[in-house]
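Asks: One-letter residues, chain by chain:
Number of protein chains: 2
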Amino acid sequence: MNDIQNKAITKRDVDFAKWYTDVVRAARLATYSNTKGCIVFEPNGYAIWERMQSVLDNEFKKTGHQNVYMPLLIPENLMNKEGELVNGFAPEVAWVTVGGQKELDERLCIRPTSETLFSDYYSTVVKSYRDLPKLYNQWCNVLRWEKETRPFLRSREFLWQEGHTVHETKEEAEKETLQMLNVYNDFFHNYLAIPSIVGKKTDKEKFAGAEYTYTVESLMYNGVSLQSGTSHYFGQKFSRAYDIKFVNRENKFDYAYQTSWGVTTRMIGALIMVHSDDYGLVLPPKIAPRQVVIIPIKDTLEVNDLANKYLDELNRNNIISYIDNTNKSAGFKFAEAEVNGIPVRIEIGPRDLENGKVTIVRRDTREKIEIDVNSDIVNIVNNLMNEIQDNLYNRALERRNKQTYVAHNLEEMTNIMNEHPGFIKAMWCGNHECETKIKEIKGTKSRCIPFDEEQEHIDDKCVCCGKPAKEMVIWGIQY
Amino acid sequence: MNDIQNKAITKRDVDFAKWYTDVVRAARLATYSNTKGCIVFEPNGYAIWERMQSVLDNEFKKTGHQNVYMPLLIPENLMNKEGELVNGFAPEVAWVTVGGQKELDERLCIRPTSETLFSDYYSTVVKSYRDLPKLYNQWCNVLRWEKETRPFLRSREFLWQEGHTVHETKEEAEKETLQMLNVYNDFFHNYLAIPSIVGKKTDKEKFAGAEYTYTVESLMYNGVSLQSGTSHYFGQKFSRAYDIKFVNRENKFDYAYQTSWGVTTRMIGALIMVHSDDYGLVLPPKIAPRQVVIIPIKDTLEVNDLANKYLDELNRNNIISYIDNTNKSAGFKFAEAEVNGIPVRIEIGPRDLENGKVTIVRRDTREKIEIDVNSDIVNIVNNLMNEIQDNLYNRALERRNKQTYVAHNLEEMTNIMNEHPGFIKAMWCGNHECETKIKEIKGTKSRCIPFDEEQEHIDDKCVCCGKPAKEMVIWGIQY
Numbered sequence: 030m031n032d033i034q035n036k037a038i039t040k041r042d043v044d045f046a047k048w049y050t051d052v053v054r055a056a057r058l059a060t061y062s063n064t065k066g067c068i069v070f071e072p073n074g075y076a077i078w079e080r081m082q083s084v085l086d087n088e089f090k091k092t093g094h095q096n097v098y099m100p101l102l103i104p105e106n107l108m109n110k111e112g113e114l115v116n117g118f119a120p121e122v123a124w125v126t127v128g129g130q131k132e133l134d135e136r137l138c139i140r141p142t143s144e145t146l147f148s149d150y151y152s153t154v155v156k157s158y159r160d161l162p163k164l165y166n167q168w169c170n171v172l173r174w175e176k177e178t179r180p181f182l183r184s185r186e187f188l189w190q191e192g193h194t195v196h197e198t199k200e201e202a203e204k205e206t207l208q209m210l211n212v213y214n215d216f217f218h219n220y221l222a223i224p225s226i227v228g229k230k231t232d233k234e235k236f237a238g239a240e241y242t243y244t245v246e247s248l249m250y251n252g253v254s255l256q257s258g259t260s261h262y263f264g265q266k267f268s269r270a271y272d273i274k275f276v277n278r279e280n281k282f283d284y285a286y287q288t289s290w291g292v293t294t295r296m297i298g299a300l301i302m303v304h305s306d307d308y309g310l311v312l313p314p315k316i317a318p319r320q321v322v323i324i325p326i327k328d329t330l331e332v333n334d335l336a337n338k339y340l341d342e343l344n345r346n347n348i349i350s351y352i353d354n355t356n357k358s359a360g361f362k363f364a365e366a367e368v369n370g371i372p373v374r375i376e377i378g379p380r381d382l383e384n385g386k387v388t389i390v391r392r393d394t395r396e397k398i399e400i401d402v403n404s405d406i407v408n409i410v411n412n413l414m415n416e417i418q419d420n421l422y423n424r425a426l427e428r429r430n431k432q433t434y435v436a437h438n439l440e441e442m443t444n445i446m447n448e449h450p451g452f453i454k455a456m457w458c459g460n461h462e463c464e465t466k467i468k469e470i471k472g473t474k475s476r477c478i479p480f481d482e483e484q485e486h487i488d489d490k491c492v493c494c495g496k497p498a499k500e501m502v503i504w505g506i507q508y
Numbered sequence: 030m031n032d033i034q035n036k037a038i039t040k041r042d043v044d045f046a047k048w049y050t051d052v053v054r055a056a057r058l059a060t061y062s063n064t065k066g067c068i069v070f071e072p073n074g075y076a077i078w079e080r081m082q083s084v085l086d087n088e089f090k091k092t093g094h095q096n097v098y099m100p101l102l103i104p105e106n107l108m109n110k111e112g113e114l115v116n117g118f119a120p121e122v123a124w125v126t127v128g129g130q131k132e133l134d135e136r137l138c139i140r141p142t143s144e145t146l147f148s149d150y151y152s153t154v155v156k157s158y159r160d161l162p163k164l165y166n167q168w169c170n171v172l173r174w175e176k177e178t179r180p181f182l183r184s185r186e187f188l189w190q191e192g193h194t195v196h197e198t199k200e201e202a203e204k205e206t207l208q209m210l211n212v213y214n215d216f217f218h219n220y221l222a223i224p225s226i227v228g229k230k231t232d233k234e235k236f237a238g239a240e241y242t243y244t245v246e247s248l249m250y251n252g253v254s255l256q257s258g259t260s261h262y263f264g265q266k267f268s269r270a271y272d273i274k275f276v277n278r279e280n281k282f283d284y285a286y287q288t289s290w291g292v293t294t295r296m297i298g299a300l301i302m303v304h305s306d307d308y309g310l311v312l313p314p315k316i317a318p319r320q321v322v323i324i325p326i327k328d329t330l331e332v333n334d335l336a337n338k339y340l341d342e343l344n345r346n347n348i349i350s351y352i353d354n355t356n357k358s359a360g361f362k363f364a365e366a367e368v369n370g371i372p373v374r375i376e377i378g379p380r381d382l383e384n385g386k387v388t389i390v391r392r393d394t395r396e397k398i399e400i401d402v403n404s405d406i407v408n409i410v411n412n413l414m415n416e417i418q419d420n421l422y423n424r425a426l427e428r429r430n431k432q433t434y435v436a437h438n439l440e441e442m443t444n445i446m447n448e449h450p451g452f453i454k455a456m457w458c459g460n461h462e463c464e465t466k467i468k469e470i471k472g473t474k475s476r477c478i479p480f481d482e483e484q485e486h487i488d489d490k491c492v493c494c495g496k497p498a499k500e501m502v503i504w505g506i507q508y
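Keeping their order, the protein sequence lines are chains A and B. For the first sequence, the residue numbers in the numbering used here are 30 to 508. For the second sequence, the residue numbers in the numbering used here are 30 to 508.
Worth double-checking, as some hints may not be accurate.
Claimed, not checked - Here are the computed lysine-lysine pairs in the BS3-like style, where the Cα-Cα straight-line distance is at most 30 Å:
no., chain 1, residue 1, chain 2, residue 2
1, A, K315, A, K204
2, A, K357, B, K229
3, B, K338, A, K91
4, A, K131, B, K91
5, B, K90, A, K91
6, A, K90, B, K131
7, B, K110, A, K65
8, A, K327, B, K357
9, A, K474, B, K131
10, B, K65, A, K315
11, B, K431, A, K357
12, A, K65, B, K156
13, B, K131, A, K471
14, B, K40, B, K357
15, A, K131, B, K490
16, A, K235, B, K468
17, B, K110, A, K156
18, B, K110, A, K131
19, B, K233, A, K90
These aren't lab readings, by the way, just hints derived from the structure by calculation.
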């Protein structure tokens with residue numbers, strides 16, 4: 030009876046890719062649009078993004094950042110000022126060539142990212158060390174002309190935030206780069222219940238134009254990695270290209286030090302691929318747009334009174350709750366709550382009520398709990414939501430640990446990726462060529478070089494060439 | 030001493046257009062960008078938009094709407110399905126013709142508005158009356174290839190929200206159209222302190238593709254009108270063009286009834302042009318992103334203690350406050366608070382403190398009020414903010430009433446517009462040709478046909494042709 034609606038969902042272990050799109054559709058998170066490669070964010074999907082925005086925006090403001098908004102379109106000559114960025118993005122941008130029924134003299138690029146516009150702006154407002162730092166962020170849409178797309182994970186247009194900051198000193202800018210990485214990592218752990226790992230990207234994998242890139246990497250249920258957030262240190266590269274020059278404390282001209290950092294609607298994809306199951310979406314309570322659904326099993330006075338009483342108490346205590354009093358069968362409502370990933374479901378039936386009981390169902394384990402009608406509902410739900418949040422994190426951590434392997438040579442690496450992909454810890458010599466060779470193993474790439482405190486000495490030699498190893502790298506197949 | 034920073038602002042009565050851009054620059058609301066016709070929303074400007082979003086979004090959700098997000102780009106064939114809309118927007122759209130380094134087979138239009146995409150989406154999800162209504166809204170950027178631009182009031186790219194709803198019946202859709210007009214009008218009155226007027230647009234002035242358009246019109250300080258928000262009833266026009274067909278309660282196919290409604294970042298321009306003065310920005314407290322600034326005149330223990338105590342009390346009571354403890358002179362800080370439009374300024378000086386006094390300055394009248402150090406600061410500030418909010422509204426209403434005229438013939442109309450533009454109440458026969466003729470008077474257009482309860486009988490005859498009049502129309506020169 031619980032499976033009315035989610036019957037249509039392909040089993041996760043049968044066909045993971047199909048399961049994913051089935052969940053996206055069944056939970057009405059997004060749908061394909063008639064604009065190729067672009068999706069429609071439906072209410073259930075967009076509401077998750079709004080929750081993410083609200084938590085992150087608050088974190089950004091707490092760390093001193095302000096929001097701004099830059100133009101969507103970038104004139105070609107402005108885009109071309111920083112060579113590495115242009116080369117990196119050239120294959121995947123879209124160009125406006127006609128406006129107001131006329132061919133344009135200069136074509137305009139739809140922003141794939143806004144380093145150019147921020148740098149151009151900063152060059153006009155940063156004159157003295159007194160104008161620094163500038164800690165700006167924007168929430169916006171960006172466009173990258175992807176060939177293969179997948180809802181949330183990769184689409185031509187996506188939503189994101191991009192922080193862009195300029196600083197007086199290298200130290201301050203580097204501190205900012207690390208700080209924002211930590212803001213992301215904490216968000217993944219505390220809200221998304223995803224045990225991400227962090228570190229530095231190799232030169233090959235860093236952002237076009239960055240001196241270095243920090244990354245948040247997470248592992249999906251099927252062992253595939255997802256780059257989930259990045260924080261870039263630019264040094265003076267862009268400030269030299271765009272002339273962000275200021276008078277420093279020694280009364281001399283210097284170029285500003287810059288960072289940028291971003292996370293995207295791809296995080297919704299991560300939530301699905303880490304937590305959800307054969308019954309549909311599973312959401313950590315702390316990011317769920319609706320936390321509790323109350324389902325009256327029959328339309329009687331007693332049932333409705335109790336439903337309203339619970340609703341009132343829960344909402345008054347900032348637990349986002351609603352009553353499903355649509356004109357559908359109880360079984361259908363249970364299934365719908367399940368497929369939509371509502372963390373806690375309260376079922377109120379007249380027969381249970383006669384015995385002074387009410388049933389609560391937690392979405393993560395689908396376990397039913399009977400409670401006394403007169404229990405402190407707020408306390409019970411709060412505790413249950415904490416339990417669910419912890420359980421989702423621990424479940425994901427346990428799985429990630431199981432899917433994290435060690436390899437000493439290419440043969441081991443190949444076997445692991447063929448049998449059961451995941452994160453592979455392996456030593457690396459620091460050479461690009463080894464990365465290229467490793468990529469032949471089903472597209473395996475370096476995910477990140479963990480920070481010192483997470484470094485492990487697995488071997489003396491590079492997993493690929495056998496020459497002396499520099500450091501341990503986490504490798505994975507990526508989305 | 031208070032004029033350090035705002036000296037640069039042209040006097041409002043000397044050159045209104047220059048005064049406007051001076052205020053925009055001095056208050057650091059926005060600046061021109063190197064993308065022609067597009068502005069950079071700087072932190073002070075964007076923060077006002079965030080406040081507007083937060084209030085309106087809450088109102089939309091209270092009235093049952095949900096947020097979604099549609100693609101930025103519209104394929105040409107999809108855009109072309111509804112003829113009136115295409116014709117209306119054709120002159121002012123931008124086209125993407127190259128993507129991923131290839132000429133596209135079909136060019137893509139950057140959305141000037143999203144009726145097409147919403148309609149296309151609704152045609153896939155609306156099958157039965159049970160699927161109705163759909164009450165969706167999106168916050169996004171749009172692009173219109175304007176020739177002359179002016180920060181906030183008219184720029185090629187702007188930010189807005191666009192609500193798009195589909196309904197089972199004409200009645201329900203018409204009720205929605207009116208409801209959203211009222212949401213806007215209430216927002217203008219209660220938050221922006223702008224005494225807007227509402228009514229129906231004439232056929233000539235309505236939205237391309239609408240059956241009719243309701244509008245919120247406001248009057249700027251210089252007597253020029255601003256169309257400030259619109260709510261459109263589409264009937265079945267788009268649903269027929271895009272095939273939004275459903276099975277109704279009689280088990281027959283019917284086309285859905287549709288509405289759309291939007292307000293934009295142009296509202297920031299209205300705030301400036303209605304309330305601000307020669308000293309810079311003036312903001313109604315209920316929309317100000319920062320409501321109170323506390324300025325310690327000297328860096329002493331007593332001064333700082335009191336500043337912190339006030340800050341704490343104010344913020345704890347949800348009054349958005351901050352201490353300006355930058356390394357600038359007190360005079361500079363006063364001027365800065367003024368130019369930035371902080372509604373309430375608290376000045377704490379050591380000499381005043383010795384006498385147990387503190388000075389409060391209200392931004393609207395620039396009046397200084399001495400209060401006792403131990404007063405209930407929260408209560409005082411709350412009362413003062415209410416007073417400021419009311420005063421701004423009343424001031425604007427008084428001015429609007431003064432600038433609202435009556436005309437019986439074209440000569441009177443011409444004289445009024447030449448001497449002192451404003452709203453003109455005049456009778457109209459209902460004929461397009463008279464509107465065209467009236468436009469020759471410095472571009473005077475019909476602003477709206479007020480609703481029945483606001484209709485006045487001024488004359489029997491049309492102000493233009495002298496034939497029998499149908500109704501009273503408000504006319505004005507527009508931005």
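Asks: In ascending order, which of the hints set out earlier in this document are inconsistent with the structure?
Replies: 2, 4, 6, 8, 10, 11, 15, 16, 17 and 19
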